[in-house]
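J.: Each chain is listed here by its residues.
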Amino acid sequence: MSPTPAIEFSNVSLRFIDAKGNATVALRNFSMSVARGEFVAIVGPTGCGKSTTLNMATGLLKPTVGEVRVMGQQVTEIDPRIGFVFQADAVFPWRTVLQNVAAGPQFRGASRKLAIEQAADWVQRVGLGKFGNHYPHQLSGGMRKRVALAQTFINKPEILLMDEPFSALDMQTRTLMQDELLQLWSGTGGSVVFVTHDLEEAIALADRVFVLSARPGTLKRVYDIDLPRPRVMSEVRYNEHFIELSRRIWADLREEAVLA
Amino acid sequence: MTDHTLPAVLSDEALARESETARARIQRRKNMIIVLRIVVLAIVLGGWEIAARAKWIDPFFYSQPSAIWGQLVEWMRDGTAQGSLWRQVAVTLEETVLGFLIGSVAGILCGIVLGRNKLLADVFSLYIQIANSIPRVVLGSIFVIALGLGMASKVALAVVMVFFVVFGNAFQGVREADKYMIANAQILGASPSQLTIFVVIPSAMSWILASLHVSFGFALVGAVVGEFLGAKEGIGLLISTAQGAFNASGVFAAMIVLAVVALLASYLLTAMEKRLLKWRPVDF
Chain A
21 MSPTPAIEFS NVSLRFIDAK GNATVALRNF SMSVARGEFV AIVGPTGCGK
71 STTLNMATGL LKPTVGEVRV MGQQVTEIDP RIGFVFQADA VFPWRTVLQN
121 VAAGPQFRGA SRKLAIEQAA DWVQRVGLGK FGNHYPHQLS GGMRKRVALA
171 QTFINKPEIL LMDEPFSALD MQTRTLMQDE LLQLWSGTGG SVVFVTHDLE
221 EAIALADRVF VLSARPGTLK RVYDIDLPRP RVMSEVRYNE HFIELSRRIW
271 ADLREEAVLA
Chain B
53 MTDHTLPAVL SDEALARESE TARARIQRRK NMIIVLRIVV LAIVLGGWEI
103 AARAKWIDPF FYSQPSAIWG QLVEWMRDGT AQGSLWRQVA VTLEETVLGF
153 LIGSVAGILC GIVLGRNKLL ADVFSLYIQI ANSIPRVVLG SIFVIALGLG
203 MASKVALAVV MVFFVVFGNA FQGVREADKY MIANAQILGA SPSQLTIFVV
253 IPSAMSWILA SLHVSFGFAL VGAVVGEFLG AKEGIGLLIS TAQGAFNASG
303 VFAAMIVLAV VALLASYLLT AMEKRLLKWR PVDF
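Residue numbers (my numbering), protein chains in the order written: chain A, 21 to 280; chain B, 53 to 336.
Listed next, the in silico DSS-like pairs over lysine-lysine satisfying Cα-Cα at most 30 Å (straight line): (1) A/Lys176 with A/Lys150; (2) A/Lys133 with B/Lys330; (3) B/Lys326 with A/Lys133; (4) B/Lys330 with A/Lys150; (5) B/Lys326 with A/Lys150; (6) B/Lys231 with A/Lys133.
A partial selection of chain A residues facing chain B, derived with a Cβ cut-off under 8 Å: (7) Leu80; (8) Pro100; (9) Phe112; (10) Trp114; (11) Gly124.
DEER-style ranges, computed between Cβ atoms: (12) B/Glu72 with A/Gln158: 25 to 31 Å; (13) B/Asn184 with A/Gly209: 53 to 59 Å; (14) B/Ser245 with A/Gly86: 31 to 37 Å; (15) A/Gly161 with B/Asn169: 31 to 37 Å; (16) A/Gln144 with B/Glu72: 37 to 43 Å; (17) A/Gly161 with B/Ile86: 38 to 44 Å.
Think of the hints as simulated: they come from the structure by calculation, not from any bench. Yeah, the Cβ is synthetic: ideal placement off N, Cα and C, and Gly gets one too.
With these hints in hand, go ahead and build the complete structure from the sequences.
T.: Shown next, in the form of structure tokens:
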């Protein structure tokens, strides 16, 4: 492992002030270190500040106390090495699949032609080769997620942040997308922080699982997931060690879910 | 084992027959609607004509379709008291289009600027609401006093009529831009100006286009009312002259000319809208 972690939260707390001026604590004394190339999942009950952690890593939110470092540097603005996949559909409905995927390089100064060329390659890689000129409304939810993945991966992010990216998909599509994600990620050497409320998803994908407590969220425990890679989503869930792990973590999580 | 042969009613020929009859039924319904529309028109115009000829209503006040048609033909053939009919249409249309263009461009610009700036929006929203609640047609009198009987006063009134509608929609459209989409663009690397051009404006576009449709009608109202209040030519003056001469047919004939202009403009705007919003689901 390289000496500087990809992401480092040291003793981070966040006080959140809403539009009416009420202050609440969203996250309390949270510390986490994500190594380069590591896949980390964060699970916790609803509203515990899981997504908040990601927003602090992008710089869209600033910690009230503590420090967030990305690649060893304190976060001040959006780091170009970061990629983000949202829960909601965040693709641009007025752009075709190709134009959507080309958006990143285009924003970053590539010529239109070059951006479209690169996009065509990524559209192919996520299996949407025939749909390059379709608009998002003509695609299924799973296909739109593939567009979002290609849109993010085309920028070659060294850090990939994912905020419950597959939670709106049906079970079968979700399993396929998880495999797709692992395949795209393997060999990039990038780090992933994957936020989810689905414990099995977290265990199946990650190297380590961070369990957060109910609001105000704080780190409850970290689990090492020593399942061998490469993993196949449809099989890993029947692995005995997987079942054992999910039983242990679930016991932890249940207490918090009851509190939330 | 399950039987994989289809029952006879589901065979290709049977399905083709079904589609055939279904298509014929849809076509018949379309034709019937056209016929019914013509019938409704005939009843209304015919009833009006008969009522006027039978003196159930006084044609001097309420005119009659044949007289209105006669007036239109006369205008087209011999021109109006203030010059050729086409000249009147051209003048009113020019005022309308100018007012529409200036008003909508200004509305879109202000809407985007205020929509992107929370402080400006909070400060100005009150005044815009107040300005919006005043019946703006009244301003026409001011414009006639200040800008004279020429084209400027009509264009100014049309601009005012259009501006607030377009501004309101552009502002709303910008504010409604999806926050995840904006965050996504920012993380993909968009600069603030790229964000405005590639995300905020396209997402406000459906709101803006909806308002353009309505506001062309408003621009026309502004131009005609402006002419009505004082002008040297235009359809509004045609109406006010006809009113002064107790020529009811003239008022109706001018109304028909206006309707044709408005319908043509609406058709053009719809075509433009379809082109610009081709990314939307068709049943929108």
